[in-house]
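Engineer: Listed here are the chains, written in short residue letters.
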Amino acid sequence: MLRLSISEKLVKNLVILGGGTAGTMAANKLRKKLSKTDWAITVVDQDDKHIYQPGLLLMPFGVYKPEELVKSRKRFLAKGIEVVTDTIDVVNAEANTVTLGSGKTLTYDYLIVATGTSPRPDQTPGMDGEEWHKSIFDFFTLEGAIALRNKLETWEGGKLVVHITEMPIKCPVAPLEFCFLADAYFEERGMRGKVDITFVTPLEGAFTKPVASAYLGNMLDDRHITVEPDFMIESIDDERKVMISMDEREIPFDLLVTVPLNMGADFVAKSKLGNDLNYIPVDKQTLLSKKFNNLFAIGDASDIPASKAGSVAHFSIDLFAENFVDHVEGKPMTELFDGHANCFIESGHGKGLLIDFNYDTEPLPGTYPLPAVGPFSLLKETRINHWGKLGFRWAYWNMLLPGRPMPVSSLMSMSGKRIPQTTK
Amino acid sequence: MPVTELAGRQVHVNEEGFLTEFDEWDEELGKALAELIGIEMTEEHWKVIRFLRDDFKAEGETATTRRLATVGGFPVKEQFNLFPKKPGKKMSYIAGLPKPHGCV
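Chain order of the listed sequences is A and B. One gets my numbering by counting positions in the first sequence from 1 and adding 1 to each. One gets my numbering by counting positions in the second sequence from 1 and adding 123 to each.
Hints in this document: simulated from the structure, not taken from any laboratory. As the structure is a prediction and not an experimental result, all values here were calculated from the model. Note that CB positions come from ideal geometry on N, CA and C, so glycine has one too. Be aware that one or more of the hints could be misleading.
Stated by the list, open to error - Ranges of calculated distance between the beta carbons of each label pair, as one might list FRET restraints:
1. A:Pro421 - B:Ile160: 23 to 31 Å
2. A:Leu337 - B:Glu128: 33 to 41 Å
3. A:Val243 - B:Asn137: 35 to 43 Å
4. B:Glu166 - A:Val84: 54 to 62 Å
5. A:Met192 - B:Pro125: 23 to 31 Å
6. B:Glu147 - A:Thr98: 45 to 53 Å
7. B:Glu166 - A:Asp123: 57 to 65 Å
8. A:Arg384 - B:Glu147: 48 to 56 Å
Said to hold, decoys possible - Taking beta-carbon pairs under 8 Å as the criterion, some of the chain A residues facing chain B (in silico):
9. Asp231
10. Glu235
11. Asp238
12. Met247
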């Protein structure tokens, strides 16, 4: 008995909330780095369905079937990681405990919050009412993407509005990709002339960063897609099928594809850990909580000023795992994250673009990952970029989640990038 | 960073004309900046600008329209009435602060 209690006391508990992209990668990387006799690792998630989220964008256009995008979470968590399927009620960060929905309490030495961000259509009046999944759709949930696919199969045309509610959102380029893919989809079905496409955004232009915004804006023009900028939505009148902005502009629609307000998990608010959108304030280079020295927030759950995207989770967690080990040993964290992100952008007709950027450097033209050689082209439409996007699904399940190294750098590199003359 | 003359003094601005030095700002300068974008400051305008200045000092970043509504108690609709079309950009411009991020 005595021996048991001593050894129990020595084992430290690392609890990871959320078994998505960030939580799974972190758990697998840390399981390799932390000795099993000293550390127990527990991952909590509400279900056993891991969704390949980049695939949701393509699903409405019939590219994937639902079963191709969903796998068991447990299957991707390494041996020696305990998985608890339960909801999270509240974290008491002063007492180092997590209370689960079932009433069970977990005690931790270190906590990693990786519960992501979710679309919240309930936050805009009229969005999730009578017309929800009838003429108003989201596509970043499995249910939304399936409902939209069914709708598009029989839709006869009219006003299609693609809309962003408020930044930040999961994958900021996805709504633009949706516009490009819709343009190609309707053209291939011989009905592009019957569809009027408008892109409605709270931003000043097509994208958040100037060089890419100008380039992507031209791509919208070329495809006869109208942009309505600076549109901050107040409500949707679902009887008249009209969106109304704060400054009383009205935009009518027959089919609205919206990205609802994105928010972090509700337990974050209940635990008083988050900001006004339930994202946890952390140091943007180390992901350590600004308030608690044994709490990190990784992936979309943190407030770092970067895209809420799998690539950011991937690059930051490569460095995070090194930092975590140093931090628990009382050493300074030296692997500082630079906000590196890269995203394939589908542009329709079997082509795509790639953008690569970080906190300080906006997306620029050039080649990636190697100068001149590529094989991918930055901010330019090519077939290889499209194949890169499709091939990534394999890499996601087989390399990324298990925590195997990918052949690209975690930090952004300027090699291969060109700075256009017009940029200041 | 370029230097420009505003309200009879030299101030540092970025390429979009936003002030870059927190301490170079005062309400006289705020009034001059507001005039440049066609806004006549009233007490209602100043309440928002003062909140933004205090909040930036405490938090180190410019409050978003959402934060102004939830923490500051200025409904988004009112922000649009006071600073038409682009409240986020106009409010931060007048307050001598960087544009709010959240745009990434």
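Engineer: Please go over all the hints and tell whether each is borne out by the structure.
Structural biologist: Here is what the structure says about each hint:
1. A:Pro421 - B:Ile160: 23 to 31 Å: holds, 28 Å
2. A:Leu337 - B:Glu128: 33 to 41 Å: holds, 39 Å
3. A:Val243 - B:Asn137: 35 to 43 Å: For asparagine 137 (chain B) against valine 243 (chain A), whose Cβ atoms are near 38 Å apart, the range 35 to 43 Å holds.
4. B:Glu166 - A:Val84: 54 to 62 Å: holds, 57 Å
5. A:Met192 - B:Pro125: 23 to 31 Å: violated, 52 Å
6. B:Glu147 - A:Thr98: 45 to 53 Å: Cβ of glutamate 147 (chain B) to Cβ of threonine 98 (chain A): about 48 Å, so the range 45 to 53 Å holds.
7. B:Glu166 - A:Asp123: 57 to 65 Å: Between glutamate 166 (chain B) and aspartate 123 (chain A), where Cβ atoms are some 35 Å apart, the hint is violated.
8. A:Arg384 - B:Glu147: 48 to 56 Å: Because 52 Å falls inside the window, the suggested range holds.
9. Asp231: Cβ of aspartate 231 (chain A) sits 6 Å from chain B, so the hint holds.
10. Glu235: Cβ of glutamate 235 (chain A) sits 7 Å from chain B, so the hint holds.
11. Asp238: violated, 16 Å
12. Met247: holds, 4 Å
In terms of the numbered hints stated before, the structure departs from hints 5, 7, 11, listed from lowest to highest.
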